[in-house]
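S.K.: Line by line, the protein sequences are chains A and B.
Sequential numbering of the first sequence, starting at 212, is according to the numbering used here.
Sequential numbering of the second sequence, starting at 471, is according to the numbering used here.
Just to be clear, a hint being listed does not mean it is correct.
What the hints assert, rightly or not - Partner residues aside, some chain B positions facing chain A, computed with beta carbon under 8 Å:
(1) 482
(2) 483
(3) 494
(4) 781
(5) 783
Hints were generated in silico from the structure; no laboratory data involved.
Glycine is no exception: its CB is placed at the ideal position from the N, C-alpha and C atoms.
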Amino acid sequence: MVSGGETSGYGLLTARENIWMFSQFYGVPSKVSKGRIDELMHIFGLWDKRNAKVRMLSTGQRQKMNMIRGFVTDPDILFLDEPTLGLDVNAARVIREYVTNWVRGQKGKTVLLTTHYMAEADQMCDRIAIIDKGKILACDTPENLKRMIRTETTFRLEVDAIRDLTTFSTMQGVKNFSHKDDIAKNRSFLTFILEDEGPVAEILSTITLQGKKVHSLQKSEPTLEDVFISMVGRGFE
Amino acid sequence: MSEAKARRSDLRYRIGLNLRAVKGRSYPRIVGANREPSWIFFEAFLPLLGIAAYVFVYQFFGGQALAAITTKTTAAPWGMCGHDPCANAAAQAAAAAAVGANTNALVASVVLGGTMVAFWLNVLWSMASQLYWEKEIGNLQLYMMAPMNRMALLGGMAVGGMVMTSMRAISTLVAGVLVFGVIFQVASPLMLLAVFFATLIALYGLGMMFASLYLLWGREAWNLSALMEEPIFFSSGFYFPLGGLLRIPGWGPAIAIAGSFIPASLGLDALRQLTLGSTAFGSNFWIFDVTTELEILVGMAVLFLILARYCLAYLETLAKREGKLTSRHQ
């Protein structure tokens with residue numbers, strides 16, 4: 212188990228010794244443990260601090276150390292409680308990427324992550340349970356959760372200036388369509404409200420068949436935070 | 471894999487796991503705690519000051535007794551041997567030698583007691599209070615989640631505490647011997663080692679038991695630790711032979727008996743007999759003979775370890791049943 216902002220271990224020990232100590236509680240042989248610690252310290256960017264006493268580490272470095280402590284025993288199930296709480300962007304990203312790759316790269320590994328960062332949950336989790344006041348309100352994949360509150364999908368495109376727009380309005384599956392031209396830049400900005408993602412391919416082929424280039428394509432859809440608010444009736448406090 | 475083979479394999483795994491856990495948890499105390507050289511000042515030199523206070527008092531009384539023996543008057547031409555004048559020069563010399571021996575025995579008792587204080591303080595503040603402290607700093611939940619036996623955790627704390635404190639105690643002992651010129655006469659080193667280790671195991675067994683109880687009682691535990699410092703120093707005879715209390719009518723024996731429930735009391739009594747000779751103080755100040763005290767200490771060690779296991783199991787049951795590790799209003 213790894214909690215965000217925790218100060219586990221003993222300040223007099225070095226980061227490496229501290230992690231080794233915890234690995235002993237799981238019966239990991241010292242040689243194996245030290246090998247894993249060194250490898251993980253390189254991955255998490257903590258190698259330079261391996262011999263620094265724990266009390267001399269910054270919050271981010273300590274959190275990385277805690278993450279290594281969590282992984283050094285090669286657990287089947289890992290509990291992560293707000294693992295990126297209070298971390299700088301880089302440290303948080305390193306942790307998120309490692310956890311995601313670890314759980315998806317191996318069979319039989321499970322991470323139970325609790326977080327208030329919805330983007331983090333969206334990026335890292337295969338299934339998400341929304342809990343409020345001790346009750347699970349919903350438990351599903353991020354996509355399905357968002358689909359629960361999604362009634363329509365919005366796509367925004369930036370393309371070369373386009374004259375013939377009539378086909379878009381009559382296209383099947385397009386609920387609404389609007390456009391705006393920027394003559395100075397010779398660009399058109401198209402907004403489609405679709406029932407689902409089905410017509411996207413047809414829209415793109417219609418544009419390219421006219422010899423126009425698509426400069427950007429944006430899909431606006433409900434976020435997990437929208438799902439949470441919709442279910443709980445309030446935002447994060 | 472056959473069932474018997476699987477059981478053996480599982481047993482081997484569990485033994486290996488718990489031995490590693492003991493090693494891991496003792497590491498911060500054996501290696502980490504010695505990283506700060508300040509311990510030499512705080513934990514080896516400063517205790518000498520407390521010891522010195524008692525040593526000077528005993529040496530003063532010894533000096534006074536010697537002065538009475540060597541001061542010649544017309545009524546006592548060979549000085550005073552106790553309440554009566556010495557009969558001759560030989561009696562005077564014998565009395566002076568006895569005073570010297572008793573003073574050395576008292577000073578040695580204080581030095582030994584001062585050394586044992588280090589263990590008692592370690593048991594109180596680094597064993598008994600440790601689980602509560604681990605809870606406060608956030609380590610306890612990690613310990614509770616680990617697959618090791620909880621006794622291995624306490625065992626690691628105890629082993630680490632014993633080794634760490636032994637280094638400090640030996641430093642104090644050596645410094646005490648050098649500074650105060652104490653003479654020890656060890657007739658039976660093996661018995662001495664047996665008593666020393668039985669005392670430590672019983673003492674740390676008591677600490678392991680207290681660790682669970684302290685966690686259960688929470689904040690009140692700190693008061694309990696404070697309460698068990700000076701009163702135990704007195705009732706366990708850290709700075710004087712405990713048997714002396716038995717000779718005080720009324721409250722003396724009651725305090726000596728109460729103090730004897732702390733393993734340090736009987737351990738110290740036996741260690742003093744083994745290092746000073748059982749004839750020191752005219753054999754008047756000992757509680758039991760060494761063999762009896764060793765037997766009681768072994769009994770205490772077993773009892774406290776069993777009780778420690780029981781308390782820990784109760785704590786775990788409470789945690790599983792009620793989702794908390796403390797009792798009452800904590």
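S.K.: None of the hints should be skipped; say for each whether it holds.
M.R.: Do the hints match the structure? See the list:
1. About 11 Å separates the beta-carbon of residue 482 (chain B) from the nearest beta-carbon of chain A, more than 8 Å, and the hint is not met.
2. With 8 Å as the threshold, the beta carbon of residue 483 (chain B) comes within range of chain A, its nearest partner Cβ sitting at about 7 Å, so the hint holds.
3. The closest approach between the C-beta of residue 494 (chain B) and any C-beta of chain A is roughly 3 Å, which is under the 8 Å cut-off, so the hint is satisfied.
4. The beta carbon of residue 781 (chain B) comes no nearer than 20 Å to any beta carbon in chain A, farther than 8 Å, and the hint placing it at the interface is violated.
5. Proximity of residue 783 (chain B) to chain A is violated relative to the hint, the smallest CB-CB distance being about 19 Å (cut-off 8 Å).
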